[in-house]
Amino acid sequence: MHIDHSKLVELLVETSGIEKDKIETQLTELVDEIREAISEGEAYEVDGLGIFSGIGNNMIFMPSEDLATEINYKYVGMEAIKIDDAPEKPKPSKEKKVKEDDDDPFAGLLGDDEDEPQESDSSFELDEPDEEEPKLSEKKIH
Amino acid sequence: MTKEFLETLGIVIRDQIIMKNTVEVKGLGTFKPVHHNQRQEKRADGSNMVMPPKDTIEFTAEHKG
Chain A
1 MHIDHSKLVE
11 LLVETSGIEK
21 DKIETQLTEL
31 VDEIREAISE
41 GEAYEVDGLG
51 IFSGIGNNMI
61 FMPSEDLATE
71 INYKYVGMEA
81 IKIDDAPEKP
91 KPSKEKKVKE
101 DDDDPFAGLL
111 GDDEDEPQES
121 DSSFELDEPD
131 EEEPKLSEKK
141 IH
Chain B
143 MTKEFLETLG
153 IVIRDQIIMK
163 NTVEVKGLGT
173 FKPVHHNQRQ
183 EKRADGSNMV
193 MPPKDTIEFT
203 AEHKG
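Chains as they are written, first to last, in this note's numbering: chain A, 1 to 142; chain B, 143 to 207.
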């Protein structure tokens, strides 16, 4: 949201209770004094707000210490943290690797018996059919 | 200028900056809130620091034409 001149005057009247005309007069007076000081190469300090000064043709503003602190009230207690002291991540050792293999729940289930000869269970013996030729009874015909 | 007026001006600008509003003072310039995120910074001695976030005021002077 942008607070323009008329809105600023309105807020100043609400907060201070001073009449609008007097606010506008004093605000104009303040601006003229600041510009005059800067044109003469001097800085102008407004208590509770900060310092206005000029560098070349530019006007710069440095907020007062109180104002700079107050607008950062949300971050009170937060300080710069040095992060170089973080512990190094340990390298995985070979011993650990072996242990991991031991914990493998599928170890030994697949492919571990490849080197061992396997007995073949696939030998089949064919059953020899019992071929009994039918016996013919011989009958003598007299 | 009265002391009461100057105090009130400081309070009003501070409150508006905290509310993330820009404040224009006619004939002088505009005060704008600027937020700086937390950042990592490498210092001259080689150490790494994590800097906390902060808000600052950016002032843009009004140029009379």
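Check the hints yourself; a few may be wrong.
[Unchecked claim] Computed footprint of chain A on chain B; a stretch qualifies when at least three of its residues, placed anywhere within it, have a C-beta under 8 Å from a C-beta of chain A:
id, region
1, 147-160
2, 166-177
3, 189-198
None of these hints come from the bench; they were simulated from the model. All C-beta atoms, glycine included, are put in the ideal place defined by N, C-alpha and C.
Discussion item. Flag every earlier hint the structure violates by its number, smallest first.
Written reply: Checked against the structure, no hint fails, so every one of them is satisfied.
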